[in-house]
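Sequences and hints are given; from them, build the entire structure.
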Amino acid sequence: MNRLFLLLSVIFSGSAFLNAQVISSGLYAYYPFNGNAEDEGPNSFDGVVGTATLTYDRFENANAAYYFDTAITDIITMDLPYSYDSFSVCFWINPGTWGRDPYHVPLPFDWRNTSSPKPLLEFHLDNTMSIYANLRDSDNSSGGMILTADSIATKTTWLHIAYVFKAPMMYLYINAALEDSMAYAMAPNWEFNKLSLGLNYWYLLNPSWNTKYEGDIDDIYIFNRPLTSLEVDTIYNETPAPSSVHIVDINSNSISVYPNPNDRNFTLDLAKLGAAGTFALSIIDIKGNIVYEQAIKDTKEPVALPGSIVSGNYILHIISKDKKVVVAKRIVVR
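Per the numbering used here, residue 12 is the first one in the sequence shown, and the count goes up by one each step.
Hints are not guaranteed to be accurate.
[To be verified] Derived Cβ-Cβ restraints for the label pairs, each shown as a range:
hint, residue 1, residue 2, range
1, K335, A282, 16 to 24 Å
2, D90, K335, 30 to 38 Å
3, K335, D80, 41 to 49 Å
4, M193, G37, 16 to 24 Å
[Stated by the list, open to error] Straight-line C-alpha distance at most 30 Å; calculated DSSO-like pairs for lysine-lysine:
hint, residue 1, residue 2
5, K311, K334
6, K166, K205
7, K335, K308
8, K308, K332
9, K283, K335
10, K308, K283
11, K311, K283
12, K283, K205
13, K332, K311
14, K334, K283
15, K311, K335
16, K205, K177
Since the hints were made in silico from the structure, they are not lab data. On a predicted model such as this, the values are computed, not experimentally measured, just so you know. Every residue, glycine too, gets a C-beta built ideally from N, C-alpha and C.
Structure (structure tokens):
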């Protein structure tokens with residue numbers, strides 16, 4: 012059994028977040044949202060999270076995407092300066108709302124220069140769930156050049172958007188299929204410096220007649236070069252990398268946890284183990300971090316996890332007095 016205990020400490024339960032293929036050539040910023048809004052690209056343009064909450068990604072990994080509600084504070088912002096002549100942007104959305112009409116629309120992605128009143132690059136969904144991409148020049152002297160997808164977004168269905176600018180052409184891909192392209196009528200003239208997710212200029216201008224984005228967003232890639240259609244397809248077809256950690260239960264039938272799944276409140280029944288007062292419990296997250304500990308005082312021990320523990324999969328360890336893991340059992344917090 013000691014060998015199993017050691018094995019558990021090495022191959023802790025969980026699902027890997029990292030994707031199998033990350034294109035590094037020209038990568039400028041990358042937000043996989045692996046439990047946070049940090050930039051895992053080369054430049055560390057980390058995001059600042061308001062009240063947006065972590066949620067499940069398209070692979071059903073917990074705490075691996077962000078959800079935006081209707082609250083004005085549900086937003087993520089990044090200081091993201093950029094002035095290259097070409098670029099590519101890719102991301103996933105899982106929308107829960109759409110616009111009331113063609114003009115009052117939610118924008119999950121808004122990249123701007125803070126000295127300009129309007130977004131320089133924005134993506135939005137109109138009242139028919141049509142998908143638009145609009146690119147303006149830096150002085151906002153025009154309404155912009157709009158690409159329109161033929162595909163229609165579906166509520167609560169993940170959808171991949173890729174936008175490629177290769178002077179003078181713009182390209183819009185939906186789920187790796189090219190849906191629209193157009194020559195940009197003006198000379199490239201922009202200097203981005205602020206990216207906002209979940210909230211946009213138009214909503215701040217007049218919340219009464221604009222619509223805030225409600226839904227999920229995940230896996231944002233920004234490149235300082237145009238992607239090829241093959242590269243767009245590669246990103247769209249990313250799969251989770253093989254995990255170095257696996258689900259391992261040890262003596263899990265010797266305890267009961269109910270309810271499981273739970274809402275952070277559950278009862279731990281150790282009647283089969285007996286000897287209350289000689290054990291402690293630890294809750295371990297998918298990264299192997301201890302997020303909660305509690306001494307066990309009764310064979311039926313109530314547990315109330317703090318609100319800081321987000322929804323997801325965890326491992327409950329029962330620890331003996333000599334600091335050995337005698338039970339490991341998966342629990343689910345919803």
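Outcome of the hint check:
no.: 1; hint: K335 - A282: 16 to 24 Å; in the structure: 20 Å, holds
no.: 2; hint: D90 - K335: 30 to 38 Å; in the structure: 47 Å, violated
no.: 3; hint: K335 - D80: 41 to 49 Å; in the structure: 43 Å, holds
no.: 4; hint: M193 - G37: 16 to 24 Å; in the structure: 22 Å, holds
no.: 5; hint: K311 - K334; in the structure: 21 Å, holds
no.: 6; hint: K166 - K205; in the structure: 28 Å, holds
no.: 7; hint: K335 - K308; in the structure: 18 Å, holds
no.: 8; hint: K308 - K332; in the structure: 13 Å, holds
no.: 9; hint: K283 - K335; in the structure: 18 Å, holds
no.: 10; hint: K308 - K283; in the structure: 15 Å, holds
no.: 11; hint: K311 - K283; in the structure: 11 Å, holds
no.: 12; hint: K283 - K205; in the structure: 57 Å, violated
no.: 13; hint: K332 - K311; in the structure: 18 Å, holds
no.: 14; hint: K334 - K283; in the structure: 19 Å, holds
no.: 15; hint: K311 - K335; in the structure: 21 Å, holds
no.: 16; hint: K205 - K177; in the structure: 22 Å, holds
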